[in-house]
Structure formats: structure tokens, C-alpha cells
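Engineer: Sequence:
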Amino acid sequence: MPPDMPRENYAEPAMYTVSYLSRVIKFLIYGAVGLGVTAYASFEGLHLYVENVCLATPSRDPSGDVYGWQEENQGWTGGAKGGTDSRLGWKARHALRGAWICQEWGAGGTRASIGRSVHPDFRGMIGSRINKVDRGYELAEEYIDIAIAEAKKRGLVFPPNISAVSATPETLTLTAGADPTAVDLLLLKAGVLERIATPQTLGQAKDIYQRVLAASGGEAPAQQAKTMRLAGKVGDLSARLGEGGAEWWAWGLRRAGVTVPERPEQPQPVAKGWFKPASKRASVSTESTSTTAPSPLSPPVLRATISLLISTEANLALSSQLERSASVQDLAEALIPTITPSSPESALHDLWLSHRASLLLLHRANVFHALSRPALELATAASVQSDGALLAIPAYPTSNPLYPAAKLLHRDAAATSAEAAWTKGLLLEKTDLEHASDCFEKAMALVEERGSDWETYWRSFARVRSRMEAVMPSESDLKNE
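Residue 162 in the UniProt record's numbering sits at position 162 of the sequence shown, with consecutive numbering throughout.
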């Protein structure tokens, strides 16, 4: 070949192609790694935020605060430091944070579970019904189950299972020794099952509360108050399941030295009332029902005692034992002291007592109406007092130990204010339609979300407005005149 003849390099196009493809692959790898790092950093950043901000509230108080608010906070295993327990390990701690996210922020709304129950023990059972289950609560339960399994692998001591024979107040034996982290995990699971609120999950939640109650031995005021609150939980769930919770409430009250003796009463018919079922007949005793009040109680025990008394008197009213219900209301009101707040803890305690006093006034108004006695003044007083408590509740940062208690109190006070306004509107409906309409409108405004309560208030409001329009002259009639 002549030396001046052009030569072709056949390897150069192939090398260019290989170089081009290598750059593309390199950019793809860098992009995938970058996306992965960003996703992982976002994931861990979210968990750090939940751990250090959302779960920062302590749930145990080593200083022994006399008001015991920290002991009432829902614990996520972190105890006095807040957050989650480092002994659980990476997997369990992430599962707990995931449970909190699903429980508080949701995970896709409500869906129907056909032919299955959300709890594994009931899945596949013959006769399963269609249950509308919040997907967030369902996922939260599964995450908590993962955390419980990991805790058991790491040797944490859980309260022992109790048999059906020992699951009664008469045979219950209180012991100690369970790990506080294990107790927190069980209470978290019971709380989620209670929110799911199917008959199966309510029964499971009751069993867990009984299991924790049996392991809650202790004589300190905070521990005593916790035992009473757990007894109240078991009683409330028993009542919701139709099993009756009076024996559990009475057992809890006896822990504080409060006795509500039972007396046989002769049922007498009552002409009217809002309590259901309507076929029940009210028991009006000719002799007063005696109650025993203890010496002054510590603040956490006092709150637990009043809660149990409210559950007891409400249950008596619903079963048409109206005079006995009124006597328990008298006892609860007698236990509420007049205090001068000297600290944020005592101020919140005073607001809590004020709200419960308004709730007792509202219940008394219902009982008086059922007994054909004047009830409007009581309903008005309940509305004014609950509104005052609602407006006085301070706003705390999420890291403050008082934040969870203040948040729950605000929710309860708003619900009581709405119910008091609705009750007042019902009492005014026959005499003052305009005022009754204002009361129903106020009740709707106080309800946070449009659930069954809002629909009840709306129906009352619509009924009154239609009656007002029927009695008011139309515009055409006014023009003709």
C-alpha cells in the first residue's frame, strides 16, 4: 500500500460507542445512588423528627411530681427521656415510629375488610363480618406487633397472660416485675385496638388492659392512680361490649377508699327522658343511697376517682337508676376541692376538675329532666362552666410534659361544651326557637369533625329552622299586606 494512501481506524467508532455507553451508565449509577441516599436521608430524617420532636414528651416522672401528669402521658417506651427505648434495637424503634406516623397522620383513609378481622387471631373465622377499618390504625397495630416481637427476642419481661377465671375483680392478684417498656408496648397495642373499635378488637383491648392491670402492683400515689385508670378502662370496655363494667369501677374506687353501696330499688315509670333504651324504667328510691367519701386524695388519685365516679353515675343513669345516679353525682361533686393554682401543673389540675364539674352538671341536668324536674338552669351552668374551662386551657409546645394532658382536656372540654349547648337547645326548643337554634349552631361549631355527633346536632338545627320558617310570614304575604 502506498505510504500516502489514507488509512481507516476501525477501532475508533467502537471505542467512542463504548465510551459513550460508559458515561451513560456512570450517570445512571450516580443518579441511582443519589436518589437512594436522598431517600434514605429523608426516611431517617423523618424518623429523627418523630423521635426527637413528636415523641419527646416524657411518660414517666422520676422526680415524683405531686400532680402526676407525666405518669398519665401515653408512653412510647422512652420513659422520662421521651422517644423510644434504645434497648429495643433499630428495627423495633423504627416500627414504633412507623406506628405513630400511621396512627397520627393516617395511611390512606378507611376501607372495608370483607370476611376478615384485623386481628390475626380472628382472621379466617366463620361468620366474619364486613368491618370498616381505618388503614392507619391497622398498619399501626402491625408495626406495634413487630416491636413486641423484637422486644421479646431481646428478653424484656412482659406481664403474664391471665386466665378467664382470674380476670375478675374478686380473683385479680396484683403483682410487679414487668418491664416498663413491655408495659408501654402492650398499652400502645390496646389503645390502637380500642380505636379500631370492632367487637373483636374491643375484646382484645380489654384482655390486654386486664393483663397490664394484674402487673400494676404498687402503693405510690402515681402507681395507685394508674391501677385505677386501668380498672376504669376495663370497666368502660366491658360496658361497651355489653358485659357490664360496674364491678371494675367499684373495684377501682375501693382502691382509693371510696365506696358506693348498692341498694335494691323498686322501679317506677318515668314520663319522659333522653336515656335509652326507652323500654327501661327508672328506679326512684324512697330512701337515700349512702355513699362513703374518703379523706383528701392526692391529685392523680383524685382525678382517677372522679373519672370512675362519672363512669359509674352515667351507667346508672343509662340503666334508669336515676336516684342512685344523682347520689353518685353528689359524691363526685363533694370530692372536687377549691384550689388556688400555684404552678402550671396545679393550674391544669384545676382546669381538669372544673371541666369534670361541668360534665357532672350536664349529667345532673339529664337526670333531672328524666325525673320531670327543672333542668334548664343546670344545663346553662354546665355550658358556661365548660366554655370557661375550654377557653382557659393554655397551649404548650409538644415537648412540654403537660402537652398531652392539655390536648386531651381541650378535646374533652370541647365535646362537653357542644353537648351542653345541644342539651340546652333541646330544653329551649318548645319555648324559644331562636335561642334553641343558636345553641344547636354553637354545638356544631364546637365539634372538630363531622361525625355522628355533628349529624345529631345538625338534625336538631335543621328541625328548629324548619319550624321557625313555618311560623314566620313569607315575603309574599308581607307584600300583600
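Keep in mind that a hint or two might mislead.
Stated by the list, open to error - As a list, the in silico SDA-like pairs of lysine to any residue whose alpha-carbon atoms are at most 25 Å apart:
1) Lys81 - Pro199
2) Lys189 - Ser307
3) Lys189 - Leu46
None of these hints come from the bench; they were simulated from the model.
Engineer: Work down the list of hints and note, for each, if the structure agrees.
Structural biologist: Now for the hints, and whether the structure bears them out:
1. Lys81 - Pro199: Outside the cut-off at roughly 36 Å; violated.
2. Lys189 - Ser307: holds (23 Å)
3. Lys189 - Leu46: Measuring from Cα to Cα gives roughly 22 Å; hence the hint holds.
Consistency with the previously given hints fails for number 1 only.
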